[in-house]
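There are 6 protein chains.
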Amino acid sequence: MYLPYFFLFSILLALYPSSALVQDFCVADLSLPPTPAGYPCKKTSKVTSDDFAYHGLAAKGNTSNIISAAVTPALDGQFPGVNGLGISIVRLDLAVGGVIPLHTHPAGSELLVVIEGTICAGFVSSFENVVYLKTLNKGDIMVFPQGLVHFQINSGKTPALAFASFGTQNPGLQIIDFALFKNDFPTELVNKVTFLDVAQIKKLKGVLGGTN
Amino acid sequence: MYLPYFFLFSILLALYPSSALVQDFCVADLSLPPTPAGYPCKKTSKVTSDDFAYHGLAAKGNTSNIISAAVTPALDGQFPGVNGLGISIVRLDLAVGGVIPLHTHPAGSELLVVIEGTICAGFVSSFENVVYLKTLNKGDIMVFPQGLVHFQINSGKTPALAFASFGTQNPGLQIIDFALFKNDFPTELVNKVTFLDVAQIKKLKGVLGGTN
Amino acid sequence: MYLPYFFLFSILLALYPSSALVQDFCVADLSLPPTPAGYPCKKTSKVTSDDFAYHGLAAKGNTSNIISAAVTPALDGQFPGVNGLGISIVRLDLAVGGVIPLHTHPAGSELLVVIEGTICAGFVSSFENVVYLKTLNKGDIMVFPQGLVHFQINSGKTPALAFASFGTQNPGLQIIDFALFKNDFPTELVNKVTFLDVAQIKKLKGVLGGTN
Amino acid sequence: MYLPYFFLFSILLALYPSSALVQDFCVADLSLPPTPAGYPCKKTSKVTSDDFAYHGLAAKGNTSNIISAAVTPALDGQFPGVNGLGISIVRLDLAVGGVIPLHTHPAGSELLVVIEGTICAGFVSSFENVVYLKTLNKGDIMVFPQGLVHFQINSGKTPALAFASFGTQNPGLQIIDFALFKNDFPTELVNKVTFLDVAQIKKLKGVLGGTN
Amino acid sequence: MYLPYFFLFSILLALYPSSALVQDFCVADLSLPPTPAGYPCKKTSKVTSDDFAYHGLAAKGNTSNIISAAVTPALDGQFPGVNGLGISIVRLDLAVGGVIPLHTHPAGSELLVVIEGTICAGFVSSFENVVYLKTLNKGDIMVFPQGLVHFQINSGKTPALAFASFGTQNPGLQIIDFALFKNDFPTELVNKVTFLDVAQIKKLKGVLGGTN
Amino acid sequence: MYLPYFFLFSILLALYPSSALVQDFCVADLSLPPTPAGYPCKKTSKVTSDDFAYHGLAAKGNTSNIISAAVTPALDGQFPGVNGLGISIVRLDLAVGGVIPLHTHPAGSELLVVIEGTICAGFVSSFENVVYLKTLNKGDIMVFPQGLVHFQINSGKTPALAFASFGTQNPGLQIIDFALFKNDFPTELVNKVTFLDVAQIKKLKGVLGGTN
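Protein chains in written order, with the UniProt record's numbering: chain G, 1 to 212; chain D, 1 to 212; chain P, 1 to 212; chain A, 1 to 212; chain H, 1 to 212; chain B, 1 to 212.
If you are wondering where the hints come from, they were derived from the structure by calculation, not from laboratory data.
Do not rely on the hints blindly, as some may be mistaken.
Copies of the same chain look alike in the list, so a pair counts if it works inside one copy or between any two.
Straight-line alpha carbon distances no greater than 27 Å define the calculated DSSO-like cross-link-like pairs of lysine-lysine that follow [to be verified]: (1) LYS157 with LYS134; (2) LYS192 with LYS157; (3) LYS60 with LYS202; (4) LYS192 with LYS134; (5) LYS202 with LYS192; (6) LYS46 with LYS205; (7) LYS138 with LYS203; (8) LYS46 with LYS203; (9) LYS138 with LYS157; (10) LYS192 with LYS60.
Could you put the whole structure together from the sequences, leaning on the hints where they help?
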């Protein structure tokens, strides 16, 4: 069929005015207050390809630290293009013996893929407290359901690298040790609600910089 | 395992910059326009424990009125901390003979717990119009599905107290009598769409302050 | 039951202050940036009946064009009253031989009702690529699942009119031809990712005003 | 690019085994119990084009009745193809003077398009009870937010026809009169919760076949 | 308006056949496997008023135990009527000194109302680990966002009673101590992922019945 | 605090009976019909750690084919553990010159991370048809919004490997070429709805095994 210049292109386009149209995506305008569903959208006219890609996970994180691990995030705050799209990702580098301490993600499930090395990972179910443990090698994947405590450990002899995706733009991160010991949560209260010995609590508060 | 001062605490925290991070909760900034998912969030730096608690349901409502009942709400407008969290609550005080007139909640289901007294409650299903009635005593609970007409009556000899929770921050409230008689809904239209006698309509408009 | 003036009306109303209350609806304030859940709400005090009705689909669209068809939308951008309500609609006019070219709606399913004429419509499933075709006459309806390619053709001898509703305020619209040929998508890339001949690509880019 | 026979087609298809694949749609298997998200899906191998189209709205409903109106539904029960797709539709025929009595849809918003005639329609907001009324002519549309009482009346001199879409597969239907008078809702309770006169209640129970 | 016997009642009812109609609610059929959205629905013909009320929270729980507290649930498993309705509730009895140990609800936010006594409650935010503490008296309410660790303690001199509602039919329950010590989570792993001393771990495993 | 054997463990556990408890996760029972929200859950008593991990993405896919690429999925059908968790993943192997042809995912957004090699990727927006292109190197990520056409090409000189996550358990896959040419979509219809030349259509139908 013969289509003359420009006729076709204007038919539908003109009927769908630019303003208020683009909700294919909603690149976060981080300068505005977020809402429960995410950030307001940046004007589409200011959106470029660079908003949909991110280079920040390309470099190995610095694992020269006590847990011999690093987590490099690409959540909405770092990668505004994921705003409203229900997906995000972080990079995990674990040196030999490295540990991602026990933690939860209140807002989404996690899917881990091992790129290098060997990782021992696990989570605990609620109510029945069943422990689900797996040793994961290169190319293996594991899923950690939303809100349940889980961890990863480099159980191999070489550095490990993994990527963890989440089914939400920001799953949240609650590290159990930090919640208990790295703030001003009164020691006697921590003792009452966890049955941990006061000495244990004070010790970990001491090393994590907690007070009270 | 020995953890030197401050090392651990900065590892993960620094990787998750404060800005754009906190979506654990979203205390409503009521000064900004709401969105379909709720209000924009107040800055986390301005959030305190007081944002998550509310004292307004502590006092008995004033039941010295015609329905001998009072409803005291803690929805998003009164309790901004529930914004985005999918939950809210109201306090119901019913004096002897008190009545919460027939109404619906367009946006959420209701779960009532009786604290004192005896309450006769019920709802009507859609399509088939089955009436589900229960007499509830202290400690009993009843659920009223979203959008269906329901009511509560104090059917005992003492004042009744109950709390009603909703699975949303603001379930809406449509009192059937108010929708029909407490506005400028033209009498002849009300008659046509409800088959209520004009005299009945005018009478109730008169007492409720409706016009037209 | 006798109800004195004004007593009843103030009981519940006063307990539900106007501000922050009305989330029955959320007429879009198109002057503000949208969020993933829709636009911020216009102040309820400025909302009138006119916000909930729209006259723009009353006139037949201009089908004197190459596809002999017109689509007149009432999505959130044109009809702000649908904001947050999960529904929208467009009017389709197809002259004899008219065609709505192959397209998808990334964000919602479509339900078409034929008002006049005869329409041949179809969609293709994902993974298995099954083609589902139907010839629809006056009063017939057809549903097109979210995100799947579909089309409508006037297969009769008289003009056709249909309305297509969507289960979302703005389903998006991706016309396959426009995505391939009506922009600056490099010809060699289009060839690589679709296996279409370069000559075919250049031809359609030429007529649709695409470049590169 | 030259593509030999069959090579390409098997690459991706084989990697996506048929079983468990098709969630593009989920045609309802009405012989199985529904779940909160809809019905279980019929086997894709048994799905045909006929599952996605429906002829039941093609005929004018019988309006020779007391309300001089008819509603012909294409919800999930009648049109299993909409299961899981978030959309459904009904046909409204209103003879001269016809009325769709005051009702709500607990589960979804409604979008009405007038095909023939003139319809006076309106809804009432919750909390503040504002009445939003419009007179709609051919081609006009109006939206009725989820859960709010609304009605339609043929306010013209000729029969009226309209289609009403919903942003859900089954929005529910609660006709206020039926909920109050067309069941065994005890008269004294109706009186207490609506303030309608006992005589009025008995009269309407009488005509609608209610008891008690 | 005069309405003859039965005419009106059949108009709309007949057009909405009983089967497949009732999705106002979906009382759980606990004999069938659940789905991600809840349980399949019990046949509406077998649903009675008793499905929507529950008496199990009327009695004080037995607090003669080590934590001097009891939690009595009315989640979907105990109260099938809440299935699909997005709401549930539990009763909390705390004797003097009673404690609900540190825990999370992976699937929903919690809203607590104090009925008797004085409760000290708090939660910790993710990422920044801010502790939000409040002392709650009779009639006070507090909200605990989904997935975050929280606790309640009876900080008064008399028994405390509270009800906690959730914006979901089953929010899940992960008690941190149980997840760490009341199963076969290997001690050396617990030590690695929490930095708790082996002695502390073994001690609490011992008292909670954990192994390994 | 001293905790005697077993006392604590039974307090809360007994109050939360096993049945109907586990909705932390919902491992798919693929032998049962799916529902719009996913598959029914396998009994928790039959769930093991192996349900949460998957080894199928560990091996490089076979790229000795015409597109010099392979996609290995871990969606719900292959990895039942992701059922209800809102996440899934696939492995992409692209040999030199390899191509993932233009396609969409109707049900979810995609987040790609490049593990090896160089990938040129892009998507096209709806309505305005803007092309967003990026060249991605090792460690780079890119997001492709739900429902929009996109592609990936190995633009480097070595094999490329990437993982693509989705914010849903099965995002669907519609390959545009397959939808047009690899089925029995009548040639004349394809011509009418895409304006592709009949010769082009017949050619690609020929190589893809399409008919009609």
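Hint-by-hint comparison with the structure:
With identical chains, the CA atoms of LYS157 and LYS134 are at most 27 Å apart within one copy only, with a shortest distance of 17 Å there and 36 Å across copies. For the identical chains of this complex, LYS192 and LYS157 are inter-copy neighbours only, at 16 Å across copies versus 40 Å inside a copy, given an alpha-carbon limit of 27 Å. Proximity of LYS60 to LYS202 under the C-alpha cut-off of 27 Å is found in neither arrangement, the shortest distances being 34 Å within a copy and 36 Å between copies. Within a single copy, LYS192 and LYS134 get their C-alpha atoms only as close as 33 Å, which misses the 27 Å cut-off; across copies the closest is 16 Å, which meets it.
Taking the closest pair of Cα atoms, LYS202 and LYS192 come within 27 Å of each other both inside a single copy (14 Å) and across two copies (18 Å). In this assembly of identical chains, LYS46 and LYS205 lie within 27 Å of each other by CA distance solely across copies; the values are 25 Å between and 46 Å within a copy. Proximity of LYS138 to LYS203 under the C-alpha cut-off of 27 Å is found in neither arrangement, the shortest distances being 37 Å within a copy and 36 Å between copies. Taking the shortest alpha-carbon separations for LYS46 and LYS203, neither the intra-copy value of 51 Å nor the inter-copy value of 31 Å comes in at or below 27 Å.
Proximity of LYS138 and LYS157 under a CA criterion of 27 Å is satisfied in both settings, with 13 Å inside one chain copy and 24 Å between copies. Taking the shortest Cα distances, LYS192 and LYS60 sit within 27 Å of each other only across copies (23 Å), while inside one copy they are farther apart (41 Å).
Going through the hint list in order, the structure does not satisfy hints 3, 7, 8.
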